[in-house]
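Q: Listed here are the chains, written in short residue letters.
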Amino acid sequence: MADRRRINGPPGGTRPPVFASLQESSTGVATRVQRQRQPTELRKIFLKTGLIPTASGSSYLEFEPSASLAAARSNPKSLIPPSSALKLACTVHGPKPLPRSAAFSPNLVLTTHVKYAPFAARKRKGHIRDASERDLGVHLETALRGAIIAERWPKSGLDITLTIIEAEDDRWWGDAPDSHDASWGMMNVLAGCITAASAAIADAHIDCLDLVSGGVAALVSDDSNQSATSAPRLMLDIDPAEHRSILSACVVAYMPARDEITELWLKGDSSRAALGKDDGRTGHEALIDGAVDAARGANTVLAEAVRESIARSFA
Amino acid sequence: MASSTAPRNPTTPSLSLPPSQFARLQPHAYLLAHLSPPPASNQPSIRANGRATSQFRVTSANAGSLTHTNGSAVVRIGDTAAVCGVRAEILHTNDIASWSVLQASSEQNFDKSNEVGESKSQDEEDRGHIQDLNLLVPNLSLSTGCAPGFTPGAPPSALAQSLSHQLLSLLHTTRLVRADDLRIWYQPPNLDSEEFRSAGEGMDVDTEQSGPEREVKAFWVLYIDVMIISLAGNPFDAAWASVLAALRDTKLPKAWWDADNETILCSDDVADARKFSFCSFEGDAAAGWRAVVIPDAEEQKQKKGAQQRWILADPDGYEEGLSQERASVVVDKENGKTVIVKIEKHGGWAVDSDDLRQLVDVSAQRWDEMKRILDQC
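First to last, the sequence lines map onto chains Y and G. Note that the working numbering numbers the first sequence so that position 83 is 83, with each residue one more than the last. Note that the working numbering numbers the second sequence so that position 214 is 1214, with each residue one more than the last.
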């Protein structure tokens, strides 16, 4: 049944446009995008707090567009974007009293809500939250709950809302969905959500143990030939559109001052990592270490944004 | 403010409040004190946020920054921010249940139009197609944490629903997008003439018969989604400005009917894509603005006998909460003449013609300003 509280499109449904160049042979204009960064080089992050004055805390986060996307923007040739860069806004409302009907809680009740804008992804998203968005919300809540000192606000609630204005792709757009394919883009989105939410919480002056930031690392194999000799390599802060196949990826929410991980999400097969000869670590240990390194990098940006926010509130 | 709350008894500690607290405790009196300065001071009335009564907030617009849209825009009016993304999808005529009926009626119209003014009935048909087939689908979302009152995840609030419908009706009445830009045509090949040609040139067929007529195979449907990222009063202006800027930025790919695959194919070449040819409006921008009228307090009415009121342009959230009367005017300019597209007024008392003229004059000024901003982005 149609949602009568929104304006619905044609009842027969519509189809996304199909581009003719995809139906022709692979000799079309489409060239695969390549990673231009070093394996340990992170993308630049733009993070700003306090853009939404009606909220008690807010932040806006944007990842630097990849080289191919920047080139496509400055000199557009094709209507199909080569990749996309994360853009999201985060608001924090509270701490506020819980509604009368709610049960007593000695701690701060944290509610996280992640929603993609309908135009955020390559495929149009619905207006009602789908399973992946709920999943992101739960992961984010776990990541933040470990950082917030919840005992200081009994009987109160904190609402954290994230709006994803532009999400990352799960794979390169020209690739067909693969068997060992997962929603890799979601992991980048989660890392961005954690960093942005942490900045917004600090902007709202909520007591935390430390600033928690998110980082992603992945094992990727980029070789076009399917030979078994090419072992997957460890890369930090991946853009899934830039890699041929991602074997496994890991997101952490990390607090550098206490050297603690509040959230860990690991996907895929990490057993075949190519590490140095004298490296005794297993694949997933290396993956987690990589993600922590990425989170440390994001933390420097986060600390600077929070410093700005504090300077503004005491100015 | 401090002087009005100063203690009469010098022995008690001073009770002076900072203005921000006074604004919270006595919002109405605070705003009123700003709007009606003492007559002796001879100052013009100024609003609590420092603006003059018909002054708008600083407006900025930025278009085309989102990757996965056909057109997008971000508009900020003061602290209110709206992001609009336009996505185009294809509606095949096979998927329209009543397509054959619609087509028959439009053909009838076309026959009539040969007798009566052709352009007018063409216009009507355009409008009918866009409305009947729901080719424009604007939706506005407030559940982005933009203001404390809107819980995320809940169904759209009454305000969000009404704003979505206002956008839809304004898109229809302004006829900003023409149905012709949204049609995807197909010209069937003229098989008959080819047969004739192969049969021999001696037959010398008259070319009066142009073969099968070209037909509409599909329509573009524009999903226009507006996310209000930050709400500090006057959401409609920000939303409408973002829709305008996004539509001006929208590029539709070239599309054609592929008879072999029986689908519509598109070209991804930017050179083939086209923008809308905005019709009927010279500046293709209609500026909307909104005013609130703050009625005087009840006590003062009794004192003076006559009600005093102020018209405040582009209210912020604080002023919107205190107003009892709201008016919204959308105007457009055609060859230098101001055309009123929409007037809406809620609550309050009657507006006489002087007030109305003032509203329209301010809207006309706002139109020039908005056009300049949208042209820059």
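Some hints could be false.
Stated by the list, open to error - Some chain Y residues close to chain G (C-beta under 10 Å, calculated; not the full set):
{"id": "1", "residue": "R5"}
{"id": "2", "residue": "A55"}
{"id": "3", "residue": "A71"}
{"id": "4", "residue": "R73"}
{"id": "5", "residue": "A89"}
{"id": "6", "residue": "C90"}
{"id": "7", "residue": "V92"}
{"id": "8", "residue": "S101"}
{"id": "9", "residue": "S105"}
{"id": "10", "residue": "K115"}
{"id": "11", "residue": "I165"}
{"id": "12", "residue": "T262"}
{"id": "13", "residue": "L266"}
As the list claims (entries may be wrong) - Here are some chain G residues the structure puts well away from chain Y; computed CB gaps all over 10 Å:
{"id": "14", "residue": "H1028"}
{"id": "15", "residue": "P1038"}
{"id": "16", "residue": "N1042"}
{"id": "17", "residue": "S1045"}
{"id": "18", "residue": "L1168"}
{"id": "19", "residue": "R1178"}
{"id": "20", "residue": "D1180"}
{"id": "21", "residue": "P1189"}
{"id": "22", "residue": "K1333"}
{"id": "23", "residue": "D1355"}
As the list claims (entries may be wrong) - Calculated cross-link-like contacts (lysine-lysine; reagent style DSS-like; alpha-carbon spacing at most 30 Å):
{"id": "24", "chain 1": "G", "residue 1": "K1342", "chain 2": "G", "residue 2": "K1251"}
{"id": "25", "chain 1": "Y", "residue 1": "K44", "chain 2": "Y", "residue 2": "K77"}
{"id": "26", "chain 1": "G", "residue 1": "K1345", "chain 2": "Y", "residue 2": "K77"}
{"id": "27", "chain 1": "G", "residue 1": "K1251", "chain 2": "G", "residue 2": "K1275"}
{"id": "28", "chain 1": "Y", "residue 1": "K123", "chain 2": "G", "residue 2": "K1254"}
{"id": "29", "chain 1": "G", "residue 1": "K1345", "chain 2": "G", "residue 2": "K1275"}
{"id": "30", "chain 1": "G", "residue 1": "K1371", "chain 2": "Y", "residue 2": "K77"}
{"id": "31", "chain 1": "G", "residue 1": "K1333", "chain 2": "G", "residue 2": "K1275"}
{"id": "32", "chain 1": "G", "residue 1": "K1342", "chain 2": "G", "residue 2": "K1275"}
{"id": "33", "chain 1": "G", "residue 1": "K1333", "chain 2": "G", "residue 2": "K1251"}
{"id": "34", "chain 1": "G", "residue 1": "K1337", "chain 2": "G", "residue 2": "K1275"}
{"id": "35", "chain 1": "Y", "residue 1": "K96", "chain 2": "Y", "residue 2": "K44"}
{"id": "36", "chain 1": "G", "residue 1": "K1254", "chain 2": "Y", "residue 2": "K77"}
{"id": "37", "chain 1": "Y", "residue 1": "K267", "chain 2": "Y", "residue 2": "K44"}
{"id": "38", "chain 1": "Y", "residue 1": "K123", "chain 2": "G", "residue 2": "K1251"}
{"id": "39", "chain 1": "G", "residue 1": "K1333", "chain 2": "G", "residue 2": "K1345"}
{"id": "40", "chain 1": "G", "residue 1": "K1345", "chain 2": "Y", "residue 2": "K125"}
Hints in this document: simulated from the structure, not taken from any laboratory. Note that beta-carbon positions come from the ideal geometry of N, C-alpha and C, so glycine has one too.
Q: Next, verify each hint and record whether it holds.
A: How the hints compare with the structure:
With a cut of 10 Å, the hint placing R5 of chain Y at the interface with chain G holds, because the nearest CB-to-CB distance is about 5 Å. Interface restraint check: A55 of chain Y against chain G, minimum CB-CB distance 6 Å, threshold 10 Å, status holds. Residue-level restraint check for A71 of chain Y is violated (minimum Cβ-Cβ distance to chain G is 13 Å; threshold 10 Å). The interface hint given for R73 of chain Y holds, since its Cβ lies 8 Å from the closest Cβ of chain G, which is under the 10 Å cut-off.
A distance limit of 10 Å between C-beta atoms decides the matter here; for A89 of chain Y the minimum to chain G is near 5 Å, and the interface restraint holds. Restraint check, C90 of chain Y versus chain G: the minimum CB separation of about 8 Å is within 10 Å; hint holds. Satisfaction of the interface hint for V92 of chain Y is found here, the shortest Cβ-Cβ separation to chain G being roughly 8 Å, below the 10 Å cut-off. Hint status for S101 of chain Y: violated, given a least beta-carbon distance of 14 Å to chain G, over 10 Å.
Of the supplied interface hints, the one on S105 of chain Y is violated, with its beta-carbon coming no nearer than about 18 Å to a beta-carbon of chain G, more than 10 Å. For K115 of chain Y, the interface hint holds, since its Cβ comes within 10 Å of a Cβ in chain G; the closest pair sits about 7 Å apart. Here the hint on I165 of chain Y is kept, as its CB sits about 6 Å from the closest CB of chain G, short of 10 Å. Evaluation of the T262 of chain Y hint against chain G yields a violated restraint, the C-beta minimum of about 22 Å exceeding 10 Å.
Contact between L266 of chain Y and chain G, as hinted, is not supported at the beta carbon level, the nearest pair being about 28 Å apart and thus beyond 10 Å. Separation of H1028 of chain G from chain Y is adequate, the least Cβ-Cβ distance of about 20 Å exceeding the 10 Å criterion. With a least CB separation of 31 Å from chain Y, P1038 of chain G remains clear of the 10 Å interface cut-off, as annotated. Against the 10 Å criterion, N1042 of chain G stays outside the reach of chain Y, whose nearest CB is about 33 Å from its own CB.
Even its closest Cβ contact with chain Y, about 25 Å, leaves S1045 of chain G beyond 10 Å, as expected for a residue assigned away from the interface. Here L1168 of chain G does not stay apart from chain Y, with its beta-carbon only about 6 Å from theirs, under the 10 Å limit. No Cβ of chain Y approaches the Cβ of R1178 of chain G within 10 Å, the least distance being about 18 Å, so the stated non-interface status holds. Against chain Y, the non-interface label of D1180 of chain G holds: every CB pair exceeds 10 Å, the least being about 18 Å.
Distance check for P1189 of chain G against chain Y: the nearest CB is about 19 Å away, which clears 10 Å, and the non-interface claim stands. No beta-carbon of chain Y is positioned within 10 Å of the beta-carbon of K1333 of chain G; the least distance is around 28 Å. Annotated as non-interface, D1355 of chain G keeps its C-beta farther than 10 Å from every C-beta of chain Y; the closest such distance is 30 Å. For the proposed pair K1342 of chain G and K1251 of chain G, the alpha carbon gap of about 28 Å is at most 30 Å, so the pair holds.
Of the supplied pair hints, the one linking K44 of chain Y and K77 of chain Y holds, its CA atoms being roughly 25 Å apart against a limit of 30 Å. Note on K1345 of chain G and K77 of chain Y: the hinted pairing is violated, with a Cα-Cα distance of about 47 Å set against a maximum of 30 Å. Annotation: proposed proximity of K1251 of chain G to K1275 of chain G holds, straight-line Cα distance about 5 Å (limit 30 Å). Under the criterion of a C-alpha separation no larger than 30 Å, the hint pairing K123 of chain Y with K1254 of chain G is consistent with the structure, at around 20 Å.
Restraint check for K1345 of chain G and K1275 of chain G: not satisfied, since their Cα atoms lie roughly 34 Å apart, outside the 30 Å limit. Our distance criterion of 30 Å between C-alpha atoms is met by K1371 of chain G and K77 of chain Y, whose separation comes to about 29 Å. With a C-alpha separation of about 21 Å, the suggested pair K1333 of chain G and K1275 of chain G falls inside the 30 Å cut-off, and the hint holds. Distance restraint check for K1342 of chain G and K1275 of chain G: the Cα-Cα separation of roughly 26 Å lies within the 30 Å cut-off, and the hinted pair is therefore satisfied.
Proposed proximity of K1333 of chain G and K1251 of chain G is supported: the alpha carbons are some 25 Å apart, at most 30 Å. Restraint check: the Cα-Cα separation between K1337 of chain G and K1275 of chain G comes to about 26 Å, which is no more than 30 Å; the hinted pair holds. Simply put, K96 of chain Y and K44 of chain Y have alpha-carbon atoms about 35 Å apart, too far for the 30 Å limit, and the pair is violated. For the hint linking K1254 of chain G to K77 of chain Y, the alpha-carbon distance of about 14 Å falls within 30 Å, and the restraint holds.
Between K267 of chain Y and K44 of chain Y the CA atoms are separated by roughly 25 Å; this keeps the pair inside 30 Å, and the hint holds. With a C-alpha separation of about 18 Å, the suggested pair K123 of chain Y and K1251 of chain G falls inside the 30 Å cut-off, and the hint holds. Distance check on the hinted pair: K1333 of chain G and K1345 of chain G sit about 21 Å apart at the alpha-carbon level, within 30 Å; holds. As the CA atoms of K1345 of chain G and K125 of chain Y are separated by approximately 35 Å, the hinted pair breaks the 30 Å bound.
Consistency note: the structure conflicts with the earlier hints numbered 3, 8, 9, 12, 13, 18, 26, 29, 35 and 40.
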